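**Q** Chains A and B, in that order, give the protein sequences. Heads up: the first sequence runs through residues 1 to 264, numbered per our numbering. Heads up: the second sequence runs through residues 1001 to 1278, numbered per our numbering.
Do not rely on the hints blindly, as some may be mistaken.
[Unchecked claim] Here are the simulated DSSO-like cross-link-like pairs (lysine-lysine), alpha carbons at most 27 Å apart as the crow flies:
hint : chain 1 : residue 1 : chain 2 : residue 2
1    : A       : K110      : A       : K25
2    : B       : K1175     : A       : K156
3    : A       : K156      : A       : K110
4    : B       : K1175     : A       : K132
5    : A       : K156      : A       : K181
6    : A       : K132      : A       : K181
7    : B       : K1069     : A       : K111
8    : A       : K127      : B       : K1116
9    : A       : K110      : B       : K1069
Source of the hints: derived by calculation from the structure; they are not laboratory data. All figures in this text were calculated on a predicted structure; none of them were measured in a lab.
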Amino acid sequence: MAFIELHDVTRTFVSRNGRTSVAVKDFSLDLARGEFFCLLGPSGCGKTTILSLLAGFDHPTEGEILLDGAPVRNPSRDRGVVFQGDDSLYPWLNAIENVEFGLRMRGIAKKERRERALRYLDLVGLKGQHEKFPGELSGGMKQRIQIARALANEPKMLLMDEPFGALDAQTRNIMQHELRKIWSATKTSIVFITHDLDEAILLATRVGVMTAGPGGTLKGVISIDLEGERVRTDPTYTKYYATAYEMIREEVARASGRMAGEAA
Amino acid sequence: MSTQEADLGSSAAVALRKRGGAGQRFGAFLNSILLQLIGFASLFLVWHIASVYIVQSLLFPPPLTVLKKGVELTLSGVLIEHTWVSLRRIAIGFILGSVLGIPVGMAIGSFPLVRKLIEPWTEFLRFIPSVAMITIAVIWFGIGEESKIFLIIYTTIFIVIINTAAGVSAIAPNKIRAAQALGASPGQIFFYVGLPATVPFILTGMRLAMANSFTTIVAAELISANEGLGVMLWNGRMYMLIDEIFVSLVCLGMLGFATDRLFRWAIYRFAGRFAPVT
């Protein structure tokens, strides 16, 4: 029994004018504990739908999702979520209060949750910024708070929905390396959604490539066997990049063809 | 040695910056207060010129005459009594209206079912102005405190409900989802996410309702009451006490200004940190 199992997951939506659209079709995947899995796909392929289903915010129309053999039904603290934007942070709480939110909800004593929150704030590199409010922090720092908030709750896995998508290139690069370090230190299982091929190969132990939407599904999975810190100039890195690029190129072309068709 | 020097240099620079900052802050403070004082002074100056040099009528007394009358009425206790009565009515009605309106607004914003059930009430009643309700309020509750408090509740509650409901609807879904994924129960999400995220909207609704309360209380007291600033205005008309009319007008302006400032300060002080990230 795998840690996470998705069996033929299909999610359809009914629009206001009564038309049904398929977001994800027959998506099957097994994930092992401790994996860093990047789900890569062109925009509109349904990768965010997969994340919502894994988080339990949404439910499959057909098929099932199992975590440790038990079906995923609702959101729970088993699965920490890091969102793309900063609108999930609580602007009325400062950094440390945001991070300890989950612990506070669980009724953990103030002293203990402070210690734990501090530990995770240090882990994500926010030492000495505890008292600042989200409004006073940069985009990269806000994403660090989100990551610390999810980790402080000690979930079984972390779900990340293009968490660095809104950051500038420099900050994104730094955050990618830090996340890799955090993952190495905590060995938390991660499912990371991205449309950035480079990001996927830099981070993941396995990369899943999705077909273009509507009704996207898993096209194939590439294992990335690169130990330690990853560098873009490494020939092996380049080789993986080429393989993955070959897989996704066609899908991106299809996705943009579809969009051009819609626009016409 | 050189590092120490550098340290000293930088700390001196910091101190200097700090002092500069404080000086600047003081300057900005002086600037804003001073400008406001000048603004107020010009108001009274224009009034004075208009009254003494342009209109030249007993029906438009200059500020000094009104001030003298105001002092006289304050010393005799009449002004304080009327002001106190009006303010107390506003305070009781306003607080009750807010206390009733906030939970209703939260419920409307949270549950589509409640919204559908309650919206006909709010959408229908909010278009009947509180001033139009004065006659029926007096018939139902008499000319005493009850009718005034009823009217202030009436004028407060709908604005607070609508603003609160709008605030709940404006909460980013990801705030709720994040709380769910962190293990918060629906009740916890309501108290620790929904409520604080709505505070700025609630306070804005209350501030608007406060302005309406002034309108309503004066109108209600003009029509039927034994004391209050509205009564003072009415008596002024009856007995041609122009100075007293002006005293009560100035008094209303000052009270409104003061309460609004108080509200703005409260929003800044208590809700500054509740303000949405921009």
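**Q** Broken hints, numbered, in rising order?
**A** 1, 7, 8 and 9
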